[in-house]
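Student: Please put together the full structure from these sequences, using the hints given.
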Amino acid sequence: MRRSEIVQPETIQQAVRALQGRGAVAFAGGTDLIPAMQRGEARPQVLVNLKGLSDLRGIRRVRGGIRIGALTRVSEVLESALVAAEFPLLVAVARDFGSAQIRNLATIGGNLCNAAPSADLALPLLALDARLAIRGPRGSRAIPVSEFFRGVNRPALARAEVLTAIIIPRAPARTGAAHAKLGIRQAMDLAFVSVAAALTLRTDGRKCRRVRIALGAVAPKPMRATMAEAKLEGEPLTLALLEEAAELAASECRPISDLRAGRDYRRKMTRVLVRRVLREALRRAQPARPQKEQSR
Amino acid sequence: MKHIAIGKRIPRLDGVEKVTGATLFGADLTLPGMLWGAVLRSPHAHARMRRVDTSKAGRMPGVLAVLTGRDFPRDDGADMPVLARRKVRYQGQAVAAVAAETPEQAAAALARIKVEYQPLPPVNDVREAIRSGAPAVHEQSEDPKLPNVCGVAEVRRGNLQAGFRQAHRIFEDTFETPWVHQGFIEPHVSLASVDPASGRVTVWTSTQAQFNQREGLAHALGLPIGKIRVIGLPVGGAFGGKNALCVEPICAQLARRAGRPVKMVVSRSDDFYATQPCGAAVIELKTGVKKDGTLVAFQARLLFDTGAHPGAQHSTGAVLAQGPYRIPNLHVKAYAVYTNKPPAGARRALTSPHVHFALESQLDIIAHALDLDPVEIRLRNALRKGDPVLGGASMPYTSAGKVVRTAAERAGWAHRARSQARNGKARGWGIAAGHWSVWAGASSAWVQVNEDGTIAVITGAINLTGTNTSFAQIAAESFGVPVDRVTAHQGDTDTSPRNDGSWGSRILFGVGEAVRRACEDAKRQLAESLSNELGVPVGRIKVKGGRVRVAGRGGRFLSLAEAAERAAGYQGAITGKAALTDLPFGVAVAAQVAEVEVDRETGRWQVLRLVCAQDVGFAINPMSVEGQVEGAASQGIGYALCEEYLYDSAGRMLNPDLMDFRLPTAPDHPQFSVHLIEPQQDAGPFGAKGVGEPPLVPTAPAIANAIFDAVGVRIRRLPITPERLHEALQRGG
Amino acid sequence: MSGEQRLQLLVNGRTHEVLAHPGERLLDVLRDRLRLTGVKEGCGTGQCGACTVLLDGRAVASCLMLVADAVGHQITTIEGLAPPGRLHPLQRAFLKHGAVQCGFCTPGMILSAKALLDQNPKPTEQEIRHALAGNLCRCTGYRKIIEAVQAVAGKADRRG
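In order, the protein sequence lines correspond to chains F, S and W.
If you read the first sequence in our numbering, its first letter stands for residue 1, the second for the next number, and so on.
If you read the second sequence in our numbering, its first letter stands for residue 1, the second for the next number, and so on.
If you read the third sequence in our numbering, its first letter stands for residue 1, the second for the next number, and so on.
Bear in mind the hints are in silico, worked out from the structure with no lab data behind them.
Watch out, some of these pointers could steer you wrong.
As the list claims (entries may be wrong) - Taking lysine-lysine and the DSS-like style, the derived pairs with C-alpha atoms no more than 27 Å apart in a straight line are: (1) S/8 - W/155; (2) W/96 - W/122; (3) W/155 - W/122; (4) W/122 - S/8; (5) S/2 - W/96.
Tutor: Right under this line is the structure:
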């Protein structure tokens, strides 16, 4: 493996400046970059090590939600009491991510910026309407996560831009979320299909106020099944309607056949997983049994 | 009979160094002045080599040697050349090699070697390969109508047509198994150095077979055997993949050319090509049965993919295809077929898992069709004492039925809940049996009685699976001393007696028996020395129970230590020895019951429980034997679940990495329960026989049978991926 | 060699000064400079777990780390698990329960188990399997490994 020069910026400005240099690549957890370098697919001259930027780490409350620094390790997300309280979906996805050895190195920002079609953490963030804070030569900006993926391994980052934080708005009451991923083994596999969804009910507890359905590994980028979402929003949620939404989600995804799975299978499994995830999300969104009213 | 050392769950004697990380594997070694070797491998599956230009590489900084095919003695046969000459026949075939001061310099030099290839159409699978008109992997084909046949093995018994006439029903099924890597976690590694004065070559390597490799190196380098020393290193897993030479000849030749030691560590991705993986197979069975499930006729055509060079053990497949069953009329024809894939090598239980996947699946097809219990049909047909097994021999004793019955009983087969569905998931149970023949091979041992009465066992057997610990137990038992009074050593080809490779589950059986005999020889020598020294007839001297009894008037006991001290003074050394090649072979039967859960909608499945029974002869170390069963079954789970070489149409491997060549992880494994049957009738030490390979054989078919039980769908191809199972469920079976 | 720097690494409780390029893999620096060959390379891509070391008590794949990122952290390799001549309870349990065969995965496996028990002293069987998902073993089928970990967890429990 070629040895790259390592630059250790101490501020985000320094990082941005360093990334403007020739052959400079951002370096976070290394769990995607280093295997790519081992395979000879990536040959960066300069690695700009973002892990020294303390602003980019940490999970804290902000007004209306939670802010997760882009360089927060996946294991920190998994173990965060704050995330567990607000967004158990994110904890569940983090638990299924790679192995302990990978979770302790990989960062949430790195997973997003690698922008694989199956980016595990993209899906719950899509389902939760997260926003991404970005810093670059021209200053700061924030975009919805749904606008962050351009294509296979192509995040919406201009040259020398750095993803700095993920902001997740607090979920309204009566929100339930779930996820599922399908591979061969019980661990370590790159999923053939993965789904995350968050569903919010109206005060009547029947109609859907809002739903977000995120699909992974069935398109060049992590995507939202917007047609399926439209089918559900405003409607009373019956199992039959969830099934229709699942069918729509399967029709709007664009899977390919590759060495892991075939296109048709992926499409069919999208329907199965979306249905399962929606049912589980609905179950979790529904208020608790009348005897014990849970206060928020 | 109470044993003091055998039959005990003694922790591995080399265990402390392993749990502390002190064991030095090949990659951990360095030699003074060492260079790094690297290999250039063909990107093409099939191509002529027009030109190999190493001129630039030879001038690169730090490069001290460059080799091509011309640098090895000519070999025009079908056997794999060390470095390809005029043709490459598989992706990954070695075509050139360099040695340089650093790995980076070696890699840079490889990048400067120019090879001009003229690609040829590749032959991608066995069916394609034997079709008339297929491209020839090797120029000479025996029969133009059946090209690319490397070897044929045929076995017959009885009258096949008469057998089919007796059949109530005949079943025809075809099964397929994939190419798989043996999956060892330590990639191949070798080091070599040359003594400048004598030209003698020393090779340190992660190998199962140091003596066999010495012979192979002599051939590859054109040197006499006596000029080569092979030192077998601790092996980080092998499972058949480290029997054959890998980079050893290249490493040795680089060292000779450079005049300095060379180390070569094969990368994980290269190991997929460089090792000789387990070849794929297509198995066609035609089986006739009576109404009660008795097997009366068995006809099989087995096509084993041997890849680019000979290596697939088609004759073993032919011999084992009948399963552990009594079949009066059979005809098995097994072919090893060339394709443009890596040369097939050994894998745990060779081709037994392939043929049993087929036969054990078909037995369940038959049982289902005839409305018979899968356990009953196996018991009905199980081999009994005296029944012919292929190879002209007969079953030494009746055990096959007992093994099947044990697995079924311990699993609770008779009380199993049938295909319960919960939450859209279906559960099912499956049983399968399998067998393996255990032969001794060249087995020898030395046993030294040290002057303080401690014992040293020295063999040339690679301590692959902890057999050294078992040897110490055998010696301790023989002398009647605690195990901590015994040490067991693996010598190398210069320092220990010749021994065949650690394969075939033969080490405990053959070498263990040699150890036992060498102990008896040592005891005899000790008695003779004392006899001569004391002037007592040798018949009055008995070495037993950690002591020496001198009978007769004024009879007395000497401790072993006292006796040894005397003998050391009188005779000098007490070194018992034994060598054998031939023991009455053993037949090891294994049976497993798998309980699986299938998600009907996705095709994904999981093994919940695996109950394993096996005739092990006698378990010298039950903990170690269980470990072999569990480990083999683990590989069987991988075979059924997720392991498969994937290729494109140009014959290039798509998944040479552990992300997409999947080995099963801890969460993929079930609860195991292991039940050892010990008839103690085998020819190995104290009735022991080989245990490592048989338990890989029934696992995949037990799982396939359980999946059928759960969802009514029969998959005739491994691995049973969720997608394949889903497709079959959609088609309705 | 160009680009090499003097780096201070805190390994197994001691500070070491090594001369290395910051972009070298931690795996290589541990093995080649510090001769800690208990850390193994099985794949180089973070899939097999043979290279597992503890970084501030957490299991990481040292083949995926650059040595620059190890500076300032506590690294534990198998060699540092117990003082010389002594064995950690996990090492003893692995021996006693037959959880070691070829031994190549063993250092990484034991360290992952230690990281688990330090965080979760009484894990369920599923939690043990999940914690060891990144450590491939081809020899044992994991049964005896899990029994060894459970034995240590159980003992800790009894001792209170």
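Student: Run the structure past the numbered hints and jot down the numbers of the failing ones, going up.
Tutor: Violated hint (a single one): 4; every other hint is consistent with the structure.
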